[in-house]
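Enquirer: Okay, here's what each chain looks like letter by letter:
Number of protein chains: 2
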Amino acid sequence: MPELAFEDFTPGRVFDLGTITIDADEMVEFARRFDPQPFHLDEQAGKESIFGQLAASGWFTSSLWMRAYVDHVLSRATALGSPGGEEISWPAPVFAGDELAASLEILEARRSRSRPEMGLVKLGARMHRGETVVYRATFTGMFGVREP
Amino acid sequence: MPELAFEDFTPGRVFDLGTITIDADEMVEFARRFDPQPFHLDEQAGKESIFGQLAASGWFTSSLWMRAYVDHVLSRATALGSPGGEEISWPAPVFAGDELAASLEILEARRSRSRPEMGLVKLGARMHRGETVVYRATFTGMFGVREP
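Protein chains in written order, with my numbering: chain W, 1 to 148; chain Z, 1 to 148.
Everything labelled a hint here was simulated from the structure, so no lab data went into it.
As the structure is a computational prediction, the values presented were derived from the model and not from experiment.
Treat the hints with care, as some may be off.
[As the list claims (entries may be wrong)] Heads up, simulated DSSO-like pairs for lysine-lysine below, C-alpha to C-alpha not over 27 Å straight-line:
#, chain 1, residue 1, chain 2, residue 2
1, Z, LYS122, W, LYS122
2, Z, LYS122, W, LYS47
3, W, LYS122, Z, LYS47
Turn these sequences into a full structure, and let the hints steer you where they fit.
Expert: Below is the structure:
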């Protein structure tokens, strides 16, 4: 049995997911494949955009948070996937070289009525650069229970 | 001026974003970097999971939809980025070889009060395999207006 089961995801608990440094090449490579808008690809277009400089695709930011979540939590948990979420927000742009602190807060937890061997956990994702929040999301995770 | 400005995103309008085929290698490569959970990496773990077979990371699905949106809409629009969304949902798993039809529906549109040269458009994203919806999201796009 993994270390973390449904019972361990108690509302209010916060998991530190470490710090992520934004690699300039990977940031642009991701945008070229998945989000090739000029302000995600080109320095000059970034400067002329609402972001003020070349900025990461929000999906790159989301994906990096996911990786931190897998490394620090899901890899040692009874994780059963996610049906989705209720909020996804990129309140400030992310730039190459940024050091982003990632965290997870447990917002709610309840056993599944239809599948009692499983629980549904409402998760609050966050990443920030200094005092600036750059990513916020609320979604649901499904976890196996320790004691059926 | 690009072909599509804020004024063109009228509620009810639907954009066909074409069809996407899920490449098995890229699906696993994405998971290895951003979402290395066993059911996204390994056939056998996929079979034993809630998904019934090796399944794509939801973030890969979201990123593929984004690319289709850029190719079919944003590349010919006065696109100014997105602050985020209100819903993101992966109601059914995505598998290697899937042919997914992508679309965008315009849900709401209003001019920004603080920045009248810009409008905010509420967008409904969707992808489906046959009659099964595999991705649904609602988010906001910012677009430059044609006539200030």
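Enquirer: Please verify whether LYS122 (chain Z) and LYS47 (chain W) have alpha carbons no more than 27 Å apart.
Expert: 26 Å, holds
Enquirer: Keeping to a limit of 27 Å between CA atoms, is the pair of LYS122 (chain Z) and LYS122 (chain W) held or broken?
Expert: This hinted pair holds, its Cα atoms lying about 24 Å apart.
Enquirer: Would you check the hint for LYS122 (chain W) and LYS47 (chain Z), treating anything up to 27 Å between C-alpha atoms as holding?
Expert: 26 Å, holds
Violated hints: none; the structure is consistent with every hint.
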